[in-house]
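A.B. asks: So the chains spell out like this:
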Amino acid sequence: KQEVTQIPAALSVPEGENLVLNCSFTDSAIYNLQWFRQDPGKGLTSLLLIQSSQREQTSGRLNASLDKSSGRSTLYIAASQPGDSATYLCALGSSGGSYIPTFGRGTSLIVHP
Amino acid sequence: DGGITQSPKYLFRKEGQNVTLSCEQNLNHDAMYWYRQDPGQGLRLIYYSQIVNDFQKGDIAEGYSVSREKKESFPLTVTSAQKNPTAFYLCATRLGGVSYNSPLHFGNGTRLTVT
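Protein chains in written order, with the numbering used here: chain A, 126 to 238; chain B, 74 to 188.
Hints are computed from structural coordinates only; laboratory data are not their basis. Every residue gets a Cβ at the ideal spot worked out from N, C-alpha and C, and that includes glycine. A hint or two may mislead.
[What the hints assert, rightly or not] If you want the footprint, here are the derived chain B segments under chain A, 3+ residues with CB under 8 angstroms:
id	region
1	101–114
2	119–131
3	172–183
[Stated by the list, open to error] Heads up, simulated PhoX-like pairs for lysine-lysine below, C-alpha to C-alpha not over 25 angstroms straight-line:
id	chain 1	residue 1	chain 2	residue 2
4	B	K82	B	K156
5	B	K143	B	K82
6	A	K126	B	K144
7	B	K87	B	K143
8	B	K87	A	K193
9	B	K82	B	K144
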């Protein structure tokens with residue numbers, strides 16, 4: 126069964142820092158990996174989706190990479206801003222039968238002015 | 074305006090009562106999912122449906138029931154058999170079918186409090 130771990134669980138940084146969030150997984154037989162953002166009391170907003178055949182995806186100040194051989198993905202946030210404060214979750218879409226996304230527990234990020 | 078609508082946003086019920094959470098989508102997506110989110114636990118899959126008139130249990134289906142009579146709708150009933158129903162419930166959809174690389178989309182959630 127796919128297990129997804131996100132480290133660190135919480136992170137507090139000053140505005141302007143570049144930062145890296147980590148997502149590791151145990152089963153490399155995946156269709157894709159998706160990164161989400163969740164604000165308190167809200168649903169999840171999709172940030173980036175990396176297909177199994179891809180190495181990275183970029184959107185604005187966000188860059189996500191995927192290394193299936195090591196079972197890792199990283200989300201890089203450049204020049205962090207207070208508005209980036211949220212919980213970031215990764216989800217793996219595993220292959221072999223029905224598509225059932227498995228989530229990590231998330232990294233809670235606070236960017237202070 | 075395409076999207077996923079979960080209603081109500083907040084729901085309060087007395088212990089022992091069944092309650093139904095609504096999830097409606099106009100994205101024309103085949104696959105729909107129900108997740109439960111508790112503090113520190115991440116998202117746990119309750120039920121999912123890949124196509125109309127078919128659904129499967131997830132990891133924590135006990136005490137819950139669903140139906141998928143229409144493509145647009147996937148209501149979740151929390152029964153009195155669910156021992157700890159107080160949680161944040163999230164509905165998600167995907168295009169589905171052979172589109173394995175279509176992204177997952179979420180509604181805004183329903184917070185259920187049972188006392």
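A.B. asks: Checking against the hints above, which ones are violated?
C.D. replies: 6, 7, 8
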